[in-house]
Amino acid sequence: MRFHLKIWRQAGPDVAGRMVDYDVENVPGEASFLEMLDVLNETLVARDEPAIAFDHDCREGICGTCGVMINGRAHGSLRGVTTCQLHMRSFADGDTIWIEPWRADAFPVVCDLVVDRSALDRIVQAGGYTSVHTGTAPEANSIPVPRHAAERAFDAAACIGCGACVATCKNASAMLFVAAKVSHLALLPQGRVEARDRVRTMIARMEQEGFGGCSNTAACSAECPRDISMEHIARLNWESIKARITSGS
Amino acid sequence: MDTIAQKILMALTGLFLCLFLVVHLVGNLPLLMPLPAAQLRFNAYSEALSHNPLIRLASLVTLASVLVHTLVSLVLTRRNRSARSVRYAVARPAETSPWYARRMGLLGTILLLFLLVHMRTFWWEYKFGEVGVDAAGRRDLYGVVVAAFQAEWYTALYVLCMGALGYHLLHGVASASRTLGLHHRRYGRWLEGLGITFAVGVSAGFAVLPVFVYIMRG
Ligand code: HEM
Ligand code: FES
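Listed in order, the protein sequences are those of chains H and Z.
This note's numbering puts the first sequence at residues 5 to 253.
This note's numbering puts the second sequence at residues 1141 to 1358.
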């Protein structure tokens, strides 16, 4: 297959960037989107041009490292997949494809399509953990967890932190990410202990990082490769309200 | 105040305004009665309202709600805009969220302008204008209403603005319930349906009144 690409090129964080046109040929339909960029990069390197920088690691949809805006959609328009799991067969031969980095002031561009998502890490560092030492897996019956809670906690924990929610949100809000992190711990007995402080510190950090607020448009959830539900945003709000109206222990 | 606290304020003031809308709609229903009951009942109701201290208080809370809701929406919108200073060259937001969920500011601005026009036409006239009296000797707000909706453009404006209200509420009610942390595994869908019914019912109810007056009392 052949494609006409329009790709954001930016040499570094403090220099101006622009969209640059490229043509790529001989791309197999079974190539992933990242492999298509690999093909293009090989031709660029052969011509002594700088390769296009993009983030990737596992290339099997589980690590959350990859992610670009493809024709105005985070990870492309195929539902429930990351960029590395999007295959060129879902495009038509000869398509023009616009490729841009995640855009959010909290995600500064590092180079080309690579953005700095450490703001998400700092939110997790602010409280997205349990500080009790849990040791090895406990005997299953010693900490009863209702099945529906386990299921929902697991759904939330499926978040791979790719940042598509922020990238697609009209407000560049990180609510769905924070909701997933707060929710999966709040639903489990091990996480309940610190639930109140956790929601406060994580929200405080989220605000500090400069993300926008949540307008509940649900674009984040629609674009999430892990289908994280809006229900978790409701739960985050609920936890936050509870933390506001109750006093600390 | 963080954005979540701001959203809680938006939701609480918004829901209070929803409550106000219901009371206001029910109060206006006498307009649909046959004459002369429509005139007498509507004017009696208006007079009763303007002398009831509880309603006085409620109208102050309503005014405060509109002000807080509007001001907080400005603060939020500014922050939300500034969270992405470099825009996408290509964006296809319509594929992931409905337009009215993304245009709450625009819909709200229409509602605010509508409120000003609405207050000028009825509240101001009733308070300070030259208004006749009905058979029972009460100030004839009914007459003001009928006179206002003789003009096609004014009636049409109302219907359009009620469309904006409907869309604002369509997203607003669902959004507010999420902002306040409501979700339920079993009743969630049911609640969603209730929100849609409310949005459509209230806006359609308010749109019917001017059309009815225009056609039936012309
Ligand atoms: C009858 C009048 C009104 C009612 C019943 C109403 C109701 C609501 C409700 C229930 C919400 C949802 C709150 C949430 O998302 O948690 C909302 C959101 C909103 N309203 Fe209103 N509203 C009214 C008038 C206005 C006016 C006059 C403005 C501004 C000029 C406005 C601007 C907004 C905005 C911008 C939002 C979205 C905020 C966000 O999600 O970021 N509204 N409204
Ligand atoms: S590279 Fe790991 S999810 Fe795409």
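Just so you know, the hints here were simulated from the structure itself, not pulled from any lab data.
One thing to keep in mind: the hints can contain errors.
Where chain Z lies over chain H, by a calculated footprint (3+ residues, C-beta under 8 Å) [said to hold, decoys possible]:
no., segment
1, 72 to 85
2, 148 to 155
3, 175 to 182
Restraint ranges, calculated between C-beta atoms of paired labels, are given here [to be verified]:
no., chain 1, residue 1, chain 2, residue 2, range
4, Z, W1264, H, V24, 57 to 65 Å
5, Z, L1165, H, A153, 36 to 44 Å
6, Z, V1215, H, G16, 15 to 23 Å
7, H, R63, Z, V1351, 32 to 40 Å
8, H, D231, Z, Y1294, 33 to 41 Å
9, H, I249, Z, R1221, 48 to 56 Å
10, Z, A1204, H, D25, 49 to 57 Å
11, Z, R1221, H, A154, 56 to 64 Å
12, H, G21, Z, W1264, 22 to 30 Å
13, H, Q194, Z, S1222, 34 to 42 Å
14, Z, V1208, H, P150, 53 to 61 Å
15, H, V197, Z, V1215, 16 to 24 Å
Simulated coverage check for chain H against chain Z, where a stretch passes if three residues somewhere in it have a Cβ under 8 Å from a Cβ of chain Z [unchecked claim]:
no., segment
16, 44 to 51
17, 105 to 118
18, 121 to 127
Bear in mind that the values here come from a model prediction, so they are computed numbers and not experimental data.
Just so you know, even glycine gets a beta-carbon here, dropped at the ideal spot from N, CA and C.
What hint numbers does the structure not satisfy? Of the numbered hints given earlier, those the structure breaks are 2, 6, 7, 8, 9, 11, 12, 14, 15, 16 and 18, listed in rising order.
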